[in-house]
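Starting from the known structure of chain A, arrange chains B and C on it as the hints suggest.
Protein chains in written order, with the working numbering: chain A, 6 to 488; chain B, 2 to 485; chain C, 4 to 125.
Because the hints were derived from the structure by calculation, they are not lab data.
The reader is advised that the hints may include incorrect statements.
[What the hints assert, rightly or not] Sample of chain A residues facing chain C (criterion: CB under 7 angstroms; computed from the structure):
id	residue
1	Met25
2	Ile28
3	Thr32
[What the hints assert, rightly or not] Calculated pairs, DMTMM-like style, for lysine to aspartate or glutamate (alpha carbon to alpha carbon, straight line, at most 20 angstroms):
id	chain 1	residue 1	chain 2	residue 2
4	B	Lys292	B	Glu347
5	A	Lys37	C	Glu116
6	B	Lys348	B	Glu403
7	A	Lys102	A	Asp152
8	A	Lys372	B	Asp24
9	A	Lys102	C	Glu116
10	A	Lys160	A	Glu136
11	B	Lys363	B	Glu431
12	A	Lys150	A	Glu189
13	B	Lys106	B	Asp24
14	A	Lys35	C	Glu116
15	B	Lys363	B	Asp440
16	A	Lys372	A	Asp445
17	A	Lys372	B	Glu107
All values derive from a computational prediction rather than experimental measurement.
In this text, a Cβ means the ideal position worked out from N, Cα and C, and glycines have one as well.
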Amino acid sequence: MPIRDYYLLSPEISLASIAMAVILLDTVVKRKGLLAIFTLAALALPLAFTISLWGEEGRAFGGLLIVDQFSIFFKFLFLGVTAAVVIASQDSVTNFKRFQGEFYALLLLATSGLMLMSSTGELITIFLALELSTLSAIALVTFFKTDQAVEAGIKYLVLSGISSAMMLYGMALVFGVSGSTRLEEIAQAVGTTRLLDNPALLMGMLLMVAGFGFKISSVPFQMWVPDVYQGAPTSVAAYLSVASKAGGFAVILRVFYVAFAGVSMEWSMLFAVLAVVSMTFGNLIAMFQSNIKRLLAYSTIAHAGYMMVGLAAVAARNPIGEGLGTQGLLFYLTGYAFTNLGAFFVVIAVAQKLKGESIDDFAGLAKRSPLLAGLLALCLISLTGLPPTVGFWAKLYLFSGAVQADLVWLAVAGVLNSAISAYYYLRVVKAMYMSPAASDERLTPSPAISLALLVTTGGVLFFGFAPSYLLDFAVRAARGFPG
Amino acid sequence: MLTAIIFLPIAAAIVLALCARNDKQVKWIALAASLAVLILSLIVWAALDLSNPAPQFVERHSWIPAFSVEYYLGVDGLNAPMLALTGLLGVAAVLISWHQQVRVKEFFFALLALQTGILGVFASLDMMLFFLFWEVELIPMYLLITVWGSGRKEYSAIKFLVYTAASSGLMLAGILVLYFSVGTFDMIALRDTPFTTAVVTSQGVFFLLIAAFAVKLPVWPFHTWLPDAHTDAPTAASVMLAGVMLKMGGYGILRLCVSLFPGVAHDYAWLIATLAVINILFGAVLVFRQKDIKRLIAYSSVSHMGFVLLGVASLNEVGLTGAALQMFTHGTITGLLFMLAGMVYEKAHTRHIPDLGGLAGKMPVLAVAFVIAGLASLGLPAMSGFVAELLVFLGAFGVYREATILAIFGVLLSAGYILWTIQRVFYGPEKPRFAHIGDATKSEILPVAGMIAVIFIVGIYPALVTDTFKAGLAPIVHLLGGGS
Amino acid sequence: MHQFGFIAIFMVLAVLVPVSMLLIPYALTLAGIKPHRPDKVKNDTYECGVRTVGGSWVRFNFRYYYFALSFLIFDVEAVFLFPWAVHARQLHWFGFGAVLVFVAIITVGLAYEWRKKALEWK
Numbered sequence: 006m007p008i009r010d011y012y013l014l015s016p017e018i019s020l021a022s023i024a025m026a027v028i029l030l031d032t033v034v035k036r037k038g039l040l041a042i043f044t045l046a047a048l049a050l051p052l053a054f055t056i057s058l059w060g061e062e063g064r065a066f067g068g069l070l071i072v073d074q075f076s077i078f079f080k081f082l083f084l085g086v087t088a089a090v091v092i093a094s095q096d097s098v099t100n101f102k103r104f105q106g107e108f109y110a111l112l113l114l115a116t117s118g119l120m121l122m123s124s125t126g127e128l129i130t131i132f133l134a135l136e137l138s139t140l141s142a143i144a145l146v147t148f149f150k151t152d153q154a155v156e157a158g159i160k161y162l163v164l165s166g167i168s169s170a171m172m173l174y175g176m177a178l179v180f181g182v183s184g185s186t187r188l189e190e191i192a193q194a195v196g197t198t199r200l201l202d203n204p205a206l207l208m209g210m211l212l213m214v215a216g217f218g219f220k221i222s223s224v225p226f227q228m229w230v231p232d233v234y235q236g237a238p239t240s241v242a243a244y245l246s247v248a249s250k251a252g253g254f255a256v257i258l259r260v261f262y263v264a265f266a267g268v269s270m271e272w273s274m275l276f277a278v279l280a281v282v283s284m285t286f287g288n289l290i291a292m293f294q295s296n297i298k299r300l301l302a303y304s305t306i307a308h309a310g311y312m313m314v315g316l317a318a319v320a321a322r323n324p325i326g327e328g329l330g331t332q333g334l335l336f337y338l339t340g341y342a343f344t345n346l347g348a349f350f351v352v353i354a355v356a357q358k359l360k361g362e363s364i365d366d367f368a369g370l371a372k373r374s375p376l377l378a379g380l381l382a383l384c385l386i387s388l389t390g391l392p393p394t395v396g397f398w399a400k401l402y403l404f405s406g407a408v409q410a411d412l413v414w415l416a417v418a419g420v421l422n423s424a425i426s427a428y429y430y431l432r433v434v435k436a437m438y439m440s441p442a443a444s445d446e447r448l449t450p451s452p453a454i455s456l457a458l459l460v461t462t463g464g465v466l467f468f469g470f471a472p473s474y475l476l477d478f479a480v481r482a483a484r485g486f487p488g
Numbered sequence: 002m003l004t005a006i007i008f009l010p011i012a013a014a015i016v017l018a019l020c021a022r023n024d025k026q027v028k029w030i031a032l033a034a035s036l037a038v039l040i041l042s043l044i045v046w047a048a049l050d051l052s053n054p055a056p057q058f059v060e061r062h063s064w065i066p067a068f069s070v071e072y073y074l075g076v077d078g079l080n081a082p083m084l085a086l087t088g089l090l091g092v093a094a095v096l097i098s099w100h101q102q103v104r105v106k107e108f109f110f111a112l113l114a115l116q117t118g119i120l121g122v123f124a125s126l127d128m129m130l131f132f133l134f135w136e137v138e139l140i141p142m143y144l145l146i147t148v149w150g151s152g153r154k155e156y157s158a159i160k161f162l163v164y165t166a167a168s169s170g171l172m173l174a175g176i177l178v179l180y181f182s183v184g185t186f187d188m189i190a191l192r193d194t195p196f197t198t199a200v201v202t203s204q205g206v207f208f209l210l211i212a213a214f215a216v217k218l219p220v221w222p223f224h225t226w227l228p229d230a231h232t233d234a235p236t237a238a239s240v241m242l243a244g245v246m247l248k249m250g251g252y253g254i255l256r257l258c259v260s261l262f263p264g265v266a267h268d269y270a271w272l273i274a275t276l277a278v279i280n281i282l283f284g285a286v287l288v289f290r291q292k293d294i295k296r297l298i299a300y301s302s303v304s305h306m307g308f309v310l311l312g313v314a315s316l317n318e319v320g321l322t323g324a325a326l327q328m329f330t331h332g333t334i335t336g337l338l339f340m341l342a343g344m345v346y347e348k349a350h351t352r353h354i355p356d357l358g359g360l361a362g363k364m365p366v367l368a369v370a371f372v373i374a375g376l377a378s379l380g381l382p383a384m385s386g387f388v389a390e391l392l393v394f395l396g397a398f399g400v401y402r403e404a405t406i407l408a409i410f411g412v413l414l415s416a417g418y419i420l421w422t423i424q425r426v427f428y429g430p431e432k433p434r435f436a437h438i439g440d441a442t443k444s445e446i447l448p449v450a451g452m453i454a455v456i457f458i459v460g461i462y463p464a465l466v467t468d469t470f471k472a473g474l475a476p477i478v479h480l481l482g483g484g485s
Numbered sequence: 004m005h006q007f008g009f010i011a012i013f014m015v016l017a018v019l020v021p022v023s024m025l026l027i028p029y030a031l032t033l034a035g036i037k038p039h040r041p042d043k044v045k046n047d048t049y050e051c052g053v054r055t056v057g058g059s060w061v062r063f064n065f066r067y068y069y070f071a072l073s074f075l076i077f078d079v080e081a082v083f084l085f086p087w088a089v090h091a092r093q094l095h096w097f098g099f100g101a102v103l104v105f106v107a108i109i110t111v112g113l114a115y116e117w118r119k120k121a122l123e124w125k
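Looking at chain A on its own, in the form it has when it is part of the complex (with noise of 0.2 angstroms):
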């Protein structure tokens, strides 16, 4: 029995011990480039392993482990992202002086987190999975040293420190209601009881609303997205901007779907007005920034709120998991993984050379390196939901959901959004075709970045042409949930 448990959790141990790996391997190694290598050689077991898990159902560590096709679906999202990021950031890794393995090891162990935090049933696991990704994440952005990163560092911490406070609370509570800390028994305590006539639970639930929304870097808890994001190692910020918020919608579909699943139609609604307020806030703060990461900083805030759609959308009259909402949410975040990776490479690719992240920067790109000006555009194109590419199906089903659940003022909503984030995602197109270039001097982005751009715009335009597949998994995956 035990050895089964170990099994199901096999994906997590290995992630982990390959990051104690890296780090006794970077004490005996000279050439620290073998780092990287290793590392992506090493994600091969967990991958396989996860792989192996396949179609398994099960429980270990008597339910605080579940495995299903929804935790695998987000153990290969994760899987994915690091691979990219270790890739994209090899180059910028290599320019450090010193702690080259501990960037990796960081990387690895923030992913493990994340890992366990798509396979928990259970609250207090929960913490632990979010705290570990978090801690790792802090550690993460710091790593310039800089003063600007330092308050980055610092910033992320107070704050995920204060919604870790809330969100524990909020875990108290809901055990104090129910008397247990797993989430099916907490179905069961929680029932179809009314809400309001139960403030206890109610403060409980949005106070775990208010930890996991700082995870998902929706508003009201999006103070810190833009900061870190400046401050961190572009890598890192795209790490955060797609693995980490992956992990918090993971979190909070396994416990609103599985704890809280009587009271759906009561969190609909909250998560439809954070939906509204999110994409708004973020699409129009955008539109006033002048660097190129505080303006994806500010578009992932409204993009948390386009995915919100997909939390919102759970029909009354779909079972749990079947409604087109959650398939699409399932579907956005991966299409989201492939495409601000993207758009984060580009940057790192042109600020490596050009020392620069502001908009005008990229002014006359086209010019200097077609190449990754098609691909930033491509990108862009895709965040905004147009076609011919991965954004456009996600938006689709995210908003084809919320439809389904009868909420057709929140998919208008997200469109007229769409529409209006269009504004500032062809602004930067436009810097790029239309305004002079600084210099004719030719930009050629390093092989190892150009792979990592390779994978991830092909990703959005395969899916963006053969949706199927993906939608497949994302079906499979949101079908996967017990109860």
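What follows is chains B and C alone, placed relative to chain A:
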């Protein structure tokens, strides 16, 4: 066949982006592709069996099974002429841009991509595919205006994009509501299925859908993007925009709004008729105030699109046919007008009408062509504009007498502004600053002559087009209870 | 509800006692019972007789933190090892294996510190 038509331009675009070594090759590839599209679309039109109301040349493949989205193309009498029109204007747009110097490769890439989007909109019978192509066409158009435009091009491009994207959001909501109540995106099947849902009434869906088309058409008060976009776009983009993209709105109203919700269309026909009259008169009055020749043509488009709406509002066979024919003829006429305006601008370097004058002596061919186009536009008999407007009035007169009479005033106004414009631009004393400008070159005369030929052919023998439209509209007319 | 009554009483007491502690000497002074003769020694921060030397914002050697952190880790390790050691026989090989993994992780940390020269006092 339809797949070939739709994807030929984009395939050519990729070829020219990757393989073409100089600007000349780029232009020839683009021309070849657009000519092939024109020929293929004419073949499709010719081969169309008019006695069969079902869509033909159907290509139907399951695309995203989980969401029952299909790759479903087909033509019937309604969209076959529109495809041909797109093909025709595509060729014209390429020819008119023959002197394009700036970023030639990118320009023709965007132009061909735009063509793919528009052709896709017309040929799709799956609503999701329709919506996809509807969105596809935005980006190349945005780029065409913002990169190769003039004046306040960035403002106009963004205005165009935001208006269209926002309105298409409403359309998406409408499409999705339809999907979740009926369970299919198939337009033909939807036409034959009664629509019932508790959440959003059929009126609601009707207005969600028509909102997008109204912006595109454009219907007052959503028209403000149009003069800006038309004025600041490069000539080829103006031609495509006025010639075919506006028609996507009218086509959508016929294909989705009227045919899916005949009952609602009946209930709100008075509203459409009112808006039509406002469009016609408001547009025509504004034309008189314009000093920019392209902006002038743009406002005249607003006015002419009112006739399409009036034809739709009549909801009978004659009126609908007139509306469809008006779309077709307006495509050719306004396309031609924009081409000529572009040529004048290219030679005289100004579009400001008070600065122009006496050009007829210097450019007799262009002047004659402009007069012909203008006369066609004001509805002179023996030209296509006359037939279309006549059909619209015939259809609408029995239903909305007052509206029709008011609309006829619009024709008078248009006669006024067209003749006045011609007089101000081409006649009057010759100005010394235009002493050295020349007439149209051969490559410019070719598309102009072609368009004029089409205008006359349709004007003299309208049955060529109207029979096709009638066949295409027959199922819709049948739903409306008219019968034929 | 009556359990909350106790808490309420405690809260009232918790406010009352310190406030009265502050108020009593003040009242006594006002009444003239307690003399009021402040001097330098009495107003010192710590009235323990020894003069403070230098400012209170002194710099510690940064190295202290390394050692404090390392010490803390091994201290906590010991805290975890004790309960296991007491019940080692009942926990069988499984418990032994778990502790071995735990110690191994800490050992990786130690090796890391050693190789990164965090254990040397320079």
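Here is what the structure says about each hint:
1. Proximity of methionine 25 of chain A to chain C holds as hinted, the smallest CB-CB distance being about 5 angstroms (cut-off 7 angstroms).
2. The beta carbon of isoleucine 28 of chain A is positioned within 7 angstroms of a beta carbon in chain C (closest approach about 5 angstroms), and the interface hint is therefore held.
3. Nearest Cβ of chain C to the Cβ of threonine 32 of chain A: about 3 angstroms, under the 7 angstroms cut. The hint holds.
4. Using a Cα cut-off of 20 angstroms, the hinted pair lysine 292 of chain B and glutamate 347 of chain B holds, with the two alpha carbons roughly 17 angstroms apart.
5. Using a Cα cut-off of 20 angstroms, the hinted pair lysine 37 of chain A and glutamate 116 of chain C holds, with the two alpha carbons roughly 18 angstroms apart.
6. Taking the CA atoms of lysine 348 of chain B and glutamate 403 of chain B, the gap is near 44 angstroms; set against the 20 angstroms cutoff, the hint is violated.
7. For the suggested pair lysine 102 of chain A and aspartate 152 of chain A, the alpha carbons sit about 18 angstroms apart, so the restraint of at most 20 angstroms is met.
8. In summary, the hint linking lysine 372 of chain A to aspartate 24 of chain B is supported, as the alpha carbons are separated by about 17 angstroms, within the 20 angstroms threshold.
9. The suggested pairing of lysine 102 of chain A with glutamate 116 of chain C holds, with an alpha-carbon distance near 18 angstroms, which does not exceed 20 angstroms.
10. Note on lysine 160 of chain A and glutamate 136 of chain A: the hinted pairing holds, with a Cα-Cα distance of about 16 angstroms set against a maximum of 20 angstroms.
11. Between lysine 363 of chain B and glutamate 431 of chain B, the direct Cα distance comes to roughly 9 angstroms. Compliance with the 20 angstroms bound is thereby established for this hinted pair.
12. This hinted pair does not check out: lysine 150 of chain A and glutamate 189 of chain A have alpha carbons roughly 44 angstroms apart, beyond 20 angstroms.
13. Taken as a hint, the lysine 106 of chain B and aspartate 24 of chain B pair is honoured in the structure, with Cα atoms around 7 angstroms apart against an allowance of 20 angstroms.
14. Taken as a hint, the lysine 35 of chain A and glutamate 116 of chain C pair is honoured in the structure, with Cα atoms around 17 angstroms apart against an allowance of 20 angstroms.
15. The hinted pair formed by lysine 363 of chain B and aspartate 440 of chain B meets the criterion: a straight-line CA distance of about 6 angstroms does not exceed 20 angstroms.
16. Taking the CA atoms of lysine 372 of chain A and aspartate 445 of chain A, the gap is near 7 angstroms; set against the 20 angstroms cutoff, the hint holds.
17. For the hint linking lysine 372 of chain A to glutamate 107 of chain B, the alpha-carbon distance of about 12 angstroms falls within 20 angstroms, and the restraint holds.
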